[in-house]
Amino acid sequence: MKIVILGAGQVGTSVAESLVSEANEITVIDTDLVRLARLQDRLDLRTVVGNAALPSILELAGTGDADMLIAVTQSDQTNLCACRTAATLYKTPTKIARLRSTDYARYPQLLEAKNFAVDFSICPEQIITDYIVKLMAFPEALQVLEFADGLLSLVAVRAIPGGKLVGCPVSDLRRHIPSVEVRIAAIYRGDQPTIPDGETLIEAGDEVFFLAATRDIRQVLSELRRRDRPTRRILIAGGGNIGERLASATQDRYQVKLVEADERRARNLGATLKHTLVLVGDAADENLLSAESIEEMDCFLALTNDDENNILSALLAKGMGARRVLALINRRAYADLMQADRIDIAISPAQVSIGSLLAHVRQGDVAAVHSLRRGAAEALELVVHGDKNTSKVVGRRVDQLDLPHGVTLGAIMRGSAPVAGVADRRRVLIAHHDTVIEAEDHVILFVISKDLVRKVERYFQVSLGFF
Amino acid sequence: MLPPDFINAGRIARGLEIASKKRLLETLARLLATDHPGLEPDAVFERLLERERLGSTGLGHGIALPHARIKAIPQSLGAFVSLTQGVDYDAADGEPVDLAFALLVPETATEEHLQLLAELAGRFNDPELRRRLRQADNAAAILNLFGVA
Numbered sequence: 001m002k003i004v005i006l007g008a009g010q011v012g013t014s015v016a017e018s019l020v021s022e023a024n025e026i027t028v029i030d031t032d033l034v035r036l037a038r039l040q041d042r043l044d045l046r047t048v049v050g051n052a053a054l055p056s057i058l059e060l061a062g063t064g065d066a067d068m069l070i071a072v073t074q075s076d077q078t079n080l081c082a083c084r085t086a087a088t089l090y091k092t093p094t095k096i097a098r099l100r101s102t103d104y105a106r107y108p109q110l111l112e113a114k115n116f117a118v119d120f121s122i123c124p125e126q127i128i129t130d131y132i133v134k135l136m137a138f139p140e141a142l143q144v145l146e147f148a149d150g151l152l153s154l155v156a157v158r159a160i161p162g163g164k165l166v167g168c169p170v171s172d173l174r175r176h177i178p179s180v181e182v183r184i185a186a187i188y189r190g191d192q193p194t195i196p197d198g199e200t201l202i203e204a205g206d207e208v209f210f211l212a213a214t215r216d217i218r219q220v221l222s223e224l225r226r227r228d229r230p231t232r233r234i235l236i237a238g239g240g241n242i243g244e245r246l247a248s249a250t251q252d253r254y255q256v257k258l259v260e261a262d263e264r265r266a267r268n269l270g271a272t273l274k275h276t277l278v279l280v281g282d283a284a285d286e287n288l289l290s291a292e293s294i295e296e297m298d299c300f301l302a303l304t305n306d307d308e309n310n311i312l313s314a315l316l317a318k319g320m321g322a323r324r325v326l327a328l329i330n331r332r333a334y335a336d337l338m339q340a341d342r343i344d345i346a347i348s349p350a351q352v353s354i355g356s357l358l359a360h361v362r363q364g365d366v367a368a369v370h371s372l373r374r375g376a377a378e379a380l381e382l383v384v385h386g387d388k389n390t391s392k393v394v395g396r397r398v399d400q401l402d403l404p405h406g407v408t409l410g411a412i413m414r415g416s417a418p419v420a421g422v423a424d425r426r427r428v429l430i431a432h433h434d435t436v437i438e439a440e441d442h443v444i445l446f447v448i449s450k451d452l453v454r455k456v457e458r459y460f461q462v463s464l465g466f467f
Numbered sequence: 001m002l003p004p005d006f007i008n009a010g011r012i013a014r015g016l017e018i019a020s021k022k023r024l025l026e027t028l029a030r031l032l033a034t035d036h037p038g039l040e041p042d043a044v045f046e047r048l049l050e051r052e053r054l055g056s057t058g059l060g061h062g063i064a065l066p067h068a069r070i071k072a073i074p075q076s077l078g079a080f081v082s083l084t085q086g087v088d089y090d091a092a093d094g095e096p097v098d099l100a101f102a103l104l105v106p107e108t109a110t111e112e113h114l115q116l117l118a119e120l121a122g123r124f125n126d127p128e129l130r131r132r133l134r135q136a137d138n139a140a141a142i143l144n145l146f147g148v149a
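Going line by line, the protein sequences match chains A and B. Position 420 of the first sequence, counting from 1, maps to 420 under the numbering used here, and the rest follow consecutively. Position 30 of the second sequence, counting from 1, maps to 30 under the numbering used here, and the rest follow consecutively.
Check each hint, because a few of them may be wrong.
[As the list claims (entries may be wrong)] Residues from chain B that face chain A, not an exhaustive set, calculated with beta carbons under 8 Å:
#1 E17
#2 E26
#3 L39
#4 A43
#5 L54
#6 G55
#7 H67
#8 K71
#9 L116
#10 L117
#11 E119
#12 A121
#13 R123
#14 F124
Hints listed in this document are in silico derivations from the structure and should not be mistaken for laboratory results. Remember, predicted model here, so these are calculated numbers, not experimental data. For each residue, glycine too, the CB sits at the ideal point set by N, CA and C.
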């Protein structure tokens with residue numbers, strides 16, 4: 001596929017990184033020559049220097065031949081203008097814009113084809129906020145990712161000594177909680193992945209990925225580790241875009257304190273966040289943490305845009321007794337150093353938000369993508385089309401599928417999307433060996449290595465005879 | 001046999017210089033809509049893209065048969081394009097595509113339309129036909145090769 005990416009910032013760079021290895025032809029536009037040169041040193045792609053909203057620059061980047069425009073510059077206005085320009089001049093099939101301002105979300109008609117012509121809009125800050133909100137609701141989990149409009153969840157959890165199932169084979173899960181359907185999709189021991197069968201033993205320290213109906217995940221979690229105290233008090237370090245969104249999303253549920261270094265910014269936040277206690281100061285200052293009773297915090301979240309600062313304040317908070325600490329870490333090398341060691345959860349903003357973009361880039365009808373294990377693995381939700389003749393999947397039992405080794409079909413959502421006034425009839429099924437796939441099913445696949453994704457996509461594609 | 005009025009010289013373009021699958025489909029959409037006032041080229045383009053997203057219609061050996069159902073036409077329509085150089089088409093054999101036959105069928109597609117698609121796929125299976133289509137230097141010659149006078 002030919003893809004033009006506007007903006008070589010954090011989002012643009014991580015999109016380019018994850019697409020460049022998938023046999024795509026990529027051109028990146030940015031005004032910053034140095035940034036582009038650095039990108040080109042590392043990755044096999046074309047670059048164009050200039051204002052991404054100008055027709056002449058889009059022309060130069062070969063937008064006329066592009067299948068997709070991904071407008072992820074810092075400026076909402078540039079992104080919108082580029083989408084409109086590409087639609088008018090080049091009929092570009094898929095146009096994605098990053099929109100940070102919540103204003104546009106209030107007027108969805110602005111994005112329609114006859115207006116700004118944005119096919120999909122994404123807001124990485126909102127995606128990251130939602131991700132953190134879910135982690136706080138399930139303090140036992142390392143990751144909670146939703147599929148099938150939230151009906152199904154994929155959860156990563158570290159098995160710890162004392163968990164009822166730890167030391168037992170996977171098949172015991174069924175005996176322990178017979179009323180709950182769950183599929184363990186993969187187990188990571190250190191960095192080694194295993195696709196478990198019934199005999200596989202769950203050991204303390206294992207990172208277990210399981211799929212279950214969202215309403216059941218609390219029960220499954222309690223099999224793998226003792227129930228943690230629910231979250232009550234949280235302290236947020238950094239009142240930037242994500243810090244503000246998170247405080248606003250959680251202040252009615254938890255006692256929220258937010259520390260912001262910039263006095264003016266702090267005053268503004270104090271005025272808009274009605275139920276959050278906003279403090280001016282440095283979250284890496286032990287006196288401040290001690291004065292705010294850090295030892296009573298269920299969760300400390302370091303969300304500034306400075307990796308070093310986030311790491312330091314998180315380590316400090318942990319050392320001073322915060323129950324669980326979480327830090328945004330952009331640099332991969334830092335994140336690798338920190339995770340599972342002294343910071344409970346290191347979040348890579350790029351990793352968390354890339355999935356929503358990948359879903360639109362992939363071949364086939366892809367409803368959702370979540371990038372896992374720092375991009376090494378992936379979980380996909382695909383919509384199955386065709387019939388017995390035009391699909392390799394429809395009408396087959398799960399054990400008749402010829403999926404590559406390392407790919408698990410874990411769950412299915414069946415039933416058409418709900419319409420207004422009619423009860424939602426969609427059902428969630430955990431896949432068994434004799435489950436038969438039907439057309440229009442949403443299947444959830446766990447792919448142990450990103451290299452297998454292309455193969456999986458091909459396998460699920462319809463053949464020529466499909467109209 | 002291809003149905004009468006299925007393809008004509010107005011819906012054939014040969015020796016085009018096109019650099020992408022996207023432009024190729026855009027061109028085919030325009031050809032398909034030429035003498036059909038009820039057909040919007042943009043709408044045809046979109047339908048072809050939608051179908052392509054679910055699975056490539058690249059047959060292998062440089063051939064593609066993009067197709068879609070569409071309202072607003074009473075009977076099937078075909079269009080043909082040959083390129084000077086193949087474009088990346090995500091085909092099963094990975095080969096670039098330089099010959100593309102597009103096919104539009106009415107919304108209520110039947111067994112008949114499937115057979116038409118199978119008939120086209122069968123014909124393109126013949127290396128001799130592929131060679132002669134690549135060499136043909138005008139629309140009449142191409143029509144001839146498809147057995148349409």
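Now the hints, each set against the structure:
1. At a threshold of 8 Å, the smallest CB-CB gap from E17 of chain B to chain A is about 12 Å, leaving the interface hint violated.
2. Taking 8 Å as the C-beta contact cut-off toward chain A, the hint placing E26 of chain B at the interface holds, the least distance being around 6 Å.
3. Checking L39 of chain B against chain A: minimum C-beta separation of about 16 Å lies over 8 Å; hint violated.
4. Evaluation of the A43 of chain B hint against chain A yields a violated restraint, the C-beta minimum of about 11 Å exceeding 8 Å.
5. Nearest Cβ of chain A to the Cβ of L54 of chain B: about 5 Å, under the 8 Å cut. The hint holds.
6. For G55 of chain B, the interface hint holds, the least distance from its beta-carbon to any beta-carbon of chain A being 3 Å, beneath 8 Å.
7. At about 7 Å, the closest approach between the beta carbon of H67 of chain B and any beta carbon in chain A falls short of 8 Å, and the interface hint on this residue holds.
8. For K71 of chain B, the suggested interface contact is broken, since its CB lies about 13 Å from the closest CB of chain A, more than 8 Å.
9. With a cut of 8 Å, the hint placing L116 of chain B at the interface with chain A is violated, because the nearest CB-to-CB distance is about 11 Å.
10. With its C-beta approaching chain A no nearer than about 6 Å, L117 of chain B sits inside the 8 Å limit, and its interface hint holds.
11. For E119 of chain B, the shortest C-beta to C-beta distance to chain A is roughly 12 Å, which exceeds 8 Å, and the interface hint is violated.
12. The closest approach between the C-beta of A121 of chain B and any C-beta of chain A is roughly 6 Å, which is under the 8 Å cut-off, so the hint is satisfied.
13. Annotation: interface hint on R123 of chain B violated; nearest CB of chain A at approximately 14 Å, more than 8 Å.
14. The interface hint given for F124 of chain B is broken, as the beta carbon of that residue sits about 11 Å from the closest beta carbon of chain A, more than 8 Å.
In this structure, the hints that do not hold are numbers 1, 3, 4, 8, 9, 11, 13, 14, in rising order.
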